[in-house]
Amino acid sequence: MSNQKQGEEAMVSSFNDTVHEEKEEVSKDESGFRLKSILWHGGSVYDAWFSCASNQVAQVLLTLPYSFSQMGMLSGIILQIFYGFLGSWTAYLISVLYVEYRSRKEKENVNFKNHVIQWFEVLDGLLGPTWKAVGLAFNCTFLLFGSVIQLIACASNIYYIDDKFDKRTWTYIFGACCATTVFIPSFHNYRIWSFLGLGMTTYTAWYMTIASLVHGQVDGVTHSGPAKAVLYFTGATNILYTFGGHAVTVEIMHAMWKPQRFKYIYLLATLYVFTLTLPSAAATYWAFGDQLLTHSNAFSLLPRTGWRDAAVILMLIHQFITFGFACTPLYFVWEKVIGMHDTKSILLRALCRLPVVIPIWFFAIIFPFFGPINSAVGALLVTFTVYIIPALAHMLTYRSASARQNAVEKPPVFLPSWTAMYVLNAFIVVWVLVVGFGLGGWASMSNFIKQVDTFGLFAKCYQCPPSAAAKHH
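Going from the sequence shown to our numbering is simple: count from 1 and add 88.
If you're looking for bench data, these hints aren't it; they were derived computationally from the structure. Check the hints yourself; a few may be wrong.
In silico lysine-lysine, PhoX-like type, Cα no more than 20 angstroms apart, as pairs [to be verified]:
hint : residue 1 : residue 2
1    : Lys193    : Lys346
2    : Lys498    : Lys346
3    : Lys538    : Lys201
4    : Lys432    : Lys201
5    : Lys220    : Lys424
6    : Lys195    : Lys424
7    : Lys195    : Lys346
8    : Lys193    : Lys538
9    : Lys346    : Lys201
10   : Lys538    : Lys351
11   : Lys316    : Lys498
12   : Lys316    : Lys346
13   : Lys498    : Lys193
Label-pair ranges, simulated between beta-carbon atoms [what the hints assert, rightly or not]:
hint : residue 1 : residue 2 : range
14   : Thr268    : Phe450    : 14 to 22 angstroms
15   : Asn199    : Lys498    : 37 to 45 angstroms
16   : Tyr248    : Asn199    : 29 to 37 angstroms
17   : Ile405    : Pro443    : 24 to 32 angstroms
18   : Ala221    : Ile537    : 52 to 60 angstroms
19   : Ile426    : Pro504    : 42 to 50 angstroms
20   : Lys316    : Lys193    : 30 to 38 angstroms
21   : Leu162    : Lys498    : 46 to 54 angstroms
22   : Ala317    : Leu521    : 16 to 24 angstroms
23   : Lys498    : Arg392    : 48 to 56 angstroms
Every value quoted in this text rests on a predicted model; they were computed, and no experiment measured them. All residues carry an ideal CB built from backbone N, CA and C; glycine is no exception.
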């Protein structure tokens, strides 16, 4: 059986190497410029790591201190580590299912040279059309609201540098800017953006950490969290959302020259992300305590300096990149729906993609609730898209003895038993369904409805200082 497994992996590897090397050579020949190839055509293991690490912590970095104020320091740290490893495991499951699906299709001589495989297609190929429909619905809705959150974050951040416009006006402006992501063909072309994006979040995280420590604790600081169950589970769900950024895992894998090497990349990316999220959230909560309960964006409490303005600007650029990450799979789905996915003209594809941006723009203007919307999306969408569906899909794909025997990827060395994998997957399904979707859904929607009642829909300036908010009305 070992020989059979090696033969299958060799076949998959050989096919993938040939296809991706051809793509790379074509790209280099067409560009005629070495620098363009270096910056534009990424498909290595390192590109995938940068994409995963960069995509995992965007604006949520600014809301984690808010979550700590809701849950308390100890719970915040423990749940970050818990959901980080849980998210890494389900990303691993997605990578296994992708390789399984692709190897089966390659045996049928299916050619993916001009086709980007997506998660719903993996579910369709392995489990049938019902799973395809469920995966498509959850994934697209999550990515749509993930893009909405990036626009809200852009408006929230720029306001702390320039408040001559209210946040809603800034949302209009950044919606137009982010629409330019329609010109980026695929994740294969995010090499330089992923590299820069991770540098930006690294700077911002360490700025937050150092600035909070230098500032020291505010007078009369209190750390009362957790005070209410609704706040506790809202914060917990935001952390679940933080490590649920792998709704684009399949697309990132497909952009790799050797996608079967993806297996542990997400875990390595998560370990790096811990060095950003844990110190920044802990230090900011230590300095400002319960003030964060009414300031979901950490920038609003940190003193204005050149360092802070630099962090704001870098996060704005990063949110543009993350908007592209979240939107690109939606672009692919839309292209497939209207029959334009095989079109080679970048301009024509860009024009076809524009309708995808319009509803994102609209929702960002309706629900400008930076922070609470993260928890709501986490509870209602991330729970299923990122945790429950991959775990269930893996269990069902390998439920028969023959499927386990012929699996392209066997259980990992650290968990070498199919039974142990089933137990872990079942635990994930039950935990996330009860704690994430059930309690988290109740808490985050209660908090979200409270924001709507307090600020109203289409709020001009969510959580702005009273004098500034009055000025914009």
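Checklist entry - Within 20 angstroms, alpha carbon to alpha carbon, are lysine 195 and lysine 346? => result Cα-Cα ~17 angstroms, so holds.
Next on the checklist: Can you confirm whether the C-alpha distance between lysine 498 and lysine 346 stays at or below 20 angstroms?
Outcome noted: Measuring from Cα to Cα gives roughly 18 angstroms; hence the hint holds.
Checklist entry - Taking only the CA atoms, is the gap from lysine 316 to lysine 346 under or equal to 20 angstroms? => result violated (48 angstroms)
Item to check | Range agreement (Cβ of lysine 498 with Cβ of leucine 162, hint 46 to 54 angstroms) | outcome: violated (38 angstroms)
Item to check | Distance restraint between lysine 498 and lysine 193, which requires alpha-carbon spacing of 20 angstroms or less | outcome: Holds: lysine 498 and lysine 193 sit about 19 angstroms apart, inside 20 angstroms.
Next on the checklist: Is 16 to 24 angstroms respected by the C-beta to C-beta distance linking alanine 317 and leucine 521?
Outcome noted: holds (18 angstroms)
Next on the checklist: Just to be careful, I want the Cα atoms of lysine 193 and lysine 346 compared with a cutoff of 20 angstroms; is the pair within it?
Outcome noted: Answer holds: lysine 193 to lysine 346 is near 16 angstroms, not above 20 angstroms.
Checklist entry - Cβ-Cβ distance between alanine 221 and isoleucine 537: within 52 to 60 angstroms? => result violated (29 angstroms)
Next on the checklist: With the threshold set at 20 angstroms, check whether the alpha-carbon distance from lysine 538 to lysine 201 stays at or below it.
Outcome noted: At roughly 49 angstroms apart (the allowed maximum being 20 angstroms), lysine 201 and lysine 538 break the hint.
Checklist entry - CA of lysine 346 to CA of lysine 201, is that 20 angstroms or under? => result Roughly 14 angstroms between the alpha carbons, so the hint for lysine 346 and lysine 201 holds.
Next on the checklist: Taking 30 to 38 angstroms as the stated bounds, is the beta-carbon spacing between lysine 316 and lysine 193 within them?
Outcome noted: violated (50 angstroms)
Checklist entry - At the C-beta level, are tyrosine 248 and asparagine 199 separated by a distance inside 29 to 37 angstroms? => result Distance hint for tyrosine 248, asparagine 199 is violated at roughly 50 angstroms.
Comparing the model with each numbered hint stated earlier shows that hints 3, 6, 8, 10, 11, 12, 15, 16, 18, 20, 21 do not hold.
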